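Listed below, chain by chain, are the residues.
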Amino acid sequence: MTLTLKSVSKTYPDGTVALQPTELHVEPGEIVSLLGPSGCGKTTLLRIIAGLETPNAGSEVRFGDDDVTNMPVEHRKVGMVFQSYALFPNMSVKGNIAYGLKMQKLGRDAIEERVTEVIRLCQLEPYVDRRITALSGGQRQRVALARAFAPRPRILLLDEPLSALDAALRVTLREELAGLLRRFNITALFVTHDQDEAMAIADKVAVMSHGKVVQTGTPEELYRNPKTSFVAGFVGHAMQLEGQVRGSVLEMSGGRLELPRAGDDCDVYVRAEDVALDEAGPLKATVESSTFLGTHYRVGLSGLGARTIFANHAGQKSPALGSQVRVAMHPSALMLLPREDDRS
Amino acid sequence: MTLTLKSVSKTYPDGTVALQPTELHVEPGEIVSLLGPSGCGKTTLLRIIAGLETPNAGSEVRFGDDDVTNMPVEHRKVGMVFQSYALFPNMSVKGNIAYGLKMQKLGRDAIEERVTEVIRLCQLEPYVDRRITALSGGQRQRVALARAFAPRPRILLLDEPLSALDAALRVTLREELAGLLRRFNITALFVTHDQDEAMAIADKVAVMSHGKVVQTGTPEELYRNPKTSFVAGFVGHAMQLEGQVRGSVLEMSGGRLELPRAGDDCDVYVRAEDVALDEAGPLKATVESSTFLGTHYRVGLSGLGARTIFANHAGQKSPALGSQVRVAMHPSALMLLPREDDRS
Amino acid sequence: MRPNAFVQLCFLPLIIFTLAFLALPLVRLFVSSVSGEDGWSIYWKVVTTPRYLDALLQTVFVSLAVTIAALVISTTVGLFLARNEFRGRGMILSVLTLPLAFPGVVIGFLIILLGGRQGLFNQITSGHVVFAYTMFGLFLGYLYFSIPRVLLTVMAATEKLDPALEEAARSLGAGSFHVIKDVIMPGLAPSLVAAGAIAFATAMGAFGTAFTLATNIDVLPMVIYTEFTLSANIAMAAALSVVLGLVTWLLLVIARSFSGTTAAAGG
Amino acid sequence: MRPNAFVQLCFLPLIIFTLAFLALPLVRLFVSSVSGEDGWSIYWKVVTTPRYLDALLQTVFVSLAVTIAALVISTTVGLFLARNEFRGRGMILSVLTLPLAFPGVVIGFLIILLGGRQGLFNQITSGHVVFAYTMFGLFLGYLYFSIPRVLLTVMAATEKLDPALEEAARSLGAGSFHVIKDVIMPGLAPSLVAAGAIAFATAMGAFGTAFTLATNIDVLPMVIYTEFTLSANIAMAAALSVVLGLVTWLLLVIARSFSGTTAAAGG
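Chains as they are written, first to last, in UniProt numbering: chain A, 1 to 344; chain B, 1 to 344; chain C, 1 to 267; chain D, 1 to 267.
This is chain A alone, in the form it adopts within the complex (with noise of 0.2 angstroms):
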């Protein structure tokens, strides 16, 4: 089922804009994450397209060639994650998987046979009869996934799915998550605001500031081709690096970068995989900081601005604290955006 929204918004009776028009696109069978941090707007999104929040005069949400605008959540036939997960602690897992099925008022085999099927999927099996209460933070997951599957809904909206479990099992979660939803083969729509959990899960994102979408592409369009300064340090935590533009060559405190174009009316920002300690390199720094990553040291330099410039440094050792190192950036990693303020 194709989702698709034309110049939905949200201002709350005080006043406050909690969305500016948005339009959206997603294909049948997509993936999309809405990120971005928090305040943004993209649970108050996600919570119209569910129907649990009414959006300004004006505003379209359509299931496939359905208008579902003015339907009430019961009748729009979604299925719904909650950041909490909000599983019913007086059923048992098998009673909330049920539930939407029996509120479907379908016939007990069916219900049975569906509901079977859905736990082999989420391999929830040695759980069936457990209370909800004795669950570990990845089960409810689970469980929660099941029970807004069951009904074959005509989409699946997730609000924050990983944010209440604890970071050790939210890396693991992350590939639970993008596995079963494949498995389920269904339009979904969940919102995020960790850039790695989007990028894992989603097949396209949507970048959200200031209750606007700035940006929607896969995650290697964001992450090569930001359009905007705020996506791209949103999207791989891009450093701007202060200095004067003149042509092609930015001047910055620390020396003088070759730019990969003219770009008078631009802001120059780099990723710190970008940043290479070497001896050859144009510019001058201070070692200030150091810290082992496993992979690489996370460098931090000074003398190239006022703010921190953070390099990863793959070598063995890292270079001494207090020392000068002189330091490169290929052109075609610099990205040139658009002059423009961040709160906009």
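Calculated directly from the structure, the hints in this document are not laboratory data. Note that this is a predicted model, so its numbers are computed, not measured. All C-beta atoms in this analysis are idealised placements derived from N, C-alpha and C, irrespective of residue type, glycine included. Check the hints yourself; a few may be wrong.
As the list claims (entries may be wrong) - Computed list of lysine-lysine pairs in BS3-like fashion (alpha-carbon distance at most 30 angstroms, straight line):
| no. | chain 1 | residue 1 | chain 2 | residue 2 |
| --- | --- | --- | --- | --- |
| 1 | C | K181 | A | K94 |
| 2 | B | K94 | D | K160 |
| 3 | A | K102 | C | K181 |
| 4 | A | K227 | A | K204 |
Stated by the list, open to error - So the derived label-pair ranges between C-beta atoms look like this:
| no. | chain 1 | residue 1 | chain 2 | residue 2 | range |
| --- | --- | --- | --- | --- | --- |
| 5 | B | E117 | A | L293 | 30 to 38 angstroms |
| 6 | D | V72 | B | E117 | 38 to 46 angstroms |
| 7 | B | G138 | A | S323 | 27 to 35 angstroms |
| 8 | C | R89 | A | D66 | 36 to 44 angstroms |
| 9 | B | G315 | A | D278 | 17 to 25 angstroms |
| 10 | A | P72 | B | V17 | 50 to 58 angstroms |
| 11 | D | P163 | A | A134 | 21 to 29 angstroms |
| 12 | D | D218 | C | R51 | 32 to 40 angstroms |
| 13 | B | G138 | D | P163 | 18 to 26 angstroms |
| 14 | D | V72 | B | V17 | 40 to 48 angstroms |
| 15 | A | D278 | B | E279 | 25 to 33 angstroms |
| 16 | A | P72 | D | P163 | 42 to 50 angstroms |
Stated by the list, open to error - Covered stretches of chain A (chain B as the covering partner; in silico rule of three or more C-beta atoms under 8 angstroms from a C-beta of chain B):
| no. | segment |
| --- | --- |
| 17 | 172-179 |
| 18 | 284-293 |
For chain A, the structure is supplied; the task is to place chains B, C and D on it using the hints.
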């Protein structure tokens, strides 16, 4: 001040062994991390050092030359930062920071002077008179640190100081915390279950498992030269390669892999960053999944054993799902570790 | 070893004193009940004398009726108030909790003002509706007393319900009826049990209201008072008190085991 | 627009009914108070007639005394019980909460059994200690009533205190005294205020105990009863009820603003 633990152990009244006899030595000014999964006894060890938990008879805790084993917490002069921060909600930021000094019955001027000094050091000037409830998570963390540090403790003890913060803040505050601890120039011991956190902050890491310190060393030592499979797996996520070791060759289902040395009683481990997709590689595998993570693709490979082996692939494109690839691992990157039961 | 052992030593005498203060009277009550001329058989007499047994059953019956009515009304109103923001909501809440400030005597008095011989209803209907001096008057008085208490408990519990549970049920296709039956009621159950137990215990022991309405309503506290003050039958008064206490206490214990330790904390 | 608008429409009549049920009697009470022969000046009479003013002041005084005593005793005992695990703890808790099951009349009866003319203390001291019929007897009765309620509230609040706060204070060098003063007391304060308000309101309105001890104790509910039943002075009874209600209500409101919305929820 040095901290010395001699055969410190803890058994709870119900018979649970929380801590097996443990030795630990921390040099003056050293920042040491206790790293391990939840339930490994690291918090118990920290609480015993603080005096909040009574160790078994025969245990010895020394602060320098001072045997504090039987000294109650209020006389030990330790600074403690709690997981929940445990700031006094009925006092202002200043009141919290001054509390320890008041308990030492210092004069008004002396208290005022020290509080001002610590507030400046922790950059808390703008919040001095705020209520605790009006602070953000990061500010609370700094207040908790300032409060613990103000009475000039002999050692600073931190119980998962970053776990109450959300993921986005954690990385930023990790570096801030590391900087502050170094500026304090104090012996510090902190507990964490996050290997990145331990590596980023600590001079030395003590890895714990099942109530025991299994290896102590600098982050580099633990990463490059783990002594047990547990350490290899926990620090840097090493994966076990399943197969038959014959002399200095590992026979896997995907092919034969050369080992750095003969290791008949050993298991072989490798990290994802050392698994290369290489047309000349000796192993055959099938691409099962692929996730774009910015600097690299995380490629899941099947056919190398029962479990999926991941490779960090730095190319611009990921191999197609389901395609056959050849895989190489350099002998020097393979870790041969004594075969053992993880639970022991 | 433990640093506050000294402080604990200071607590000990206080504990003993408090226990004595609370337990001694009860022991004395029990001893009084069996040291009359009937001895232990006085409890047999309680169960076999119609006057006493009827009073006990009537008291339990009216208390149960009040509890159920208060739960039904308060839950409906409480849910509505907790879930809807509108102007005047604060005022309605204040009015609903005003009865908390009035003691049983005044409540009895109110019932007479409304349903007594010179009461409002009697005036309106010109002499046809007098209910103040009946069991129904007592029921209304107790209800008046119980509603605010149960209401506040229900509202506090409603605020603690996770709204995501309700949204989850609705996203799975549940209508209002099913949301209430499958999510809200199970969520409120512990608080309802606790509040109901308190309402029951209060109704079992309410004396002021009954005494003001007086005349021929035989509820247990009234009978105890009569036996003690008018008939000077101390043993029977003590025996009836023990029975009343036991019935109430049993109910409180059962309620507490259903709803966790918070049951009587509302008391 | 909202899907449960229909359900809300059903709630509305119930709300109106409930409001009428709760508010109407109070309006009637107020009207009664000013429709006697004194009119509005009856409230002036309440303040200037020594019998009424004394009763009011005495009631407030004994209620305050009971509240303070109950808070002090219950906090100490509650802290001790919440922080220490020992054998027999469950039994002690059961005994401490037993009085919850007994109504005011029985409590008055207990006080007479202990401190009356044929009471335990009088027997032991051979005729020197009779306190049942005095203000002190009333005080003891109310105290007996209040301790379990306050105790349970304190224990519930203590369990919710973050133990890390205490550990933090101790790690900063605070001894037991400072831990109690700087951490535990501020943490318990809202619950203590709430529990105190309930204890005060209960004492202000307690009738059964006072009536059983009877004779010459002039507390307000007794005076109201006398004015109404014996003197048939309905206007004065109503005026006194309004004053009693206002004083109690004011205190509940103040307590609630101190301790958040939970104050009266314990009621």
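For a C-alpha distance cap of 30 angstroms, please report whether K227(A) and K204(A) respect it. The hint holds at about 16 angstroms.
Indicate whether the distance between the beta carbons of D278(A) and E279(B) respects the range 25 to 33 angstroms. 29 angstroms Cβ-Cβ, so the 25 to 33 angstroms window holds.
Can you let me know if the beta-carbon spacing of E117(B) and L293(A) is within 30 to 38 angstroms? holds, 33 angstroms
Under 8 angstroms between beta-carbons, do enough residues of the segment 284-293 of chain A, three at least, approach chain B for the coverage claim to hold? Since 4 is at least three, the answer is holds.
Given hint K94(A) paired with K181(C) - CA-CA distance at most 30 angstroms: holds, 18 angstroms
So the hint says 21 to 29 angstroms: do the beta-carbon atoms of P163(D) and A134(A) match that? holds, 26 angstroms
P163(D) and G138(B) - C-beta distance against the hinted 18 to 26 angstroms: The hint (18 to 26 angstroms, Cβ to Cβ) holds, given that G138(B) and P163(D) are roughly 24 angstroms apart.
Holds or violated: the 17 to 25 angstroms window for the beta-carbon distance between G315(B) and D278(A)? holds, 22 angstroms
Given the range 36 to 44 angstroms, decide if the beta-carbon distance of R89(C) to D66(A) lies inside it. Holds - the Cβ-Cβ distance for R89(C) and D66(A), about 38 angstroms, lies within 36 to 44 angstroms.
Please verify whether K102(A) and K181(C) have alpha carbons no more than 30 angstroms apart. holds, 14 angstroms
Okay, P72(A) versus V17(B) on CB: inside 50 to 58 angstroms? Check passed, 56 angstroms falls within 50 to 58 angstroms.
Per the coverage rule (Cβ-Cβ under 8 angstroms, at least three residues), is the segment 172-179 of chain A covered by chain B? n = 3 at 8 angstroms, threshold three: holds.
Checked against the numbered hints given earlier, the structure satisfies every one of them.
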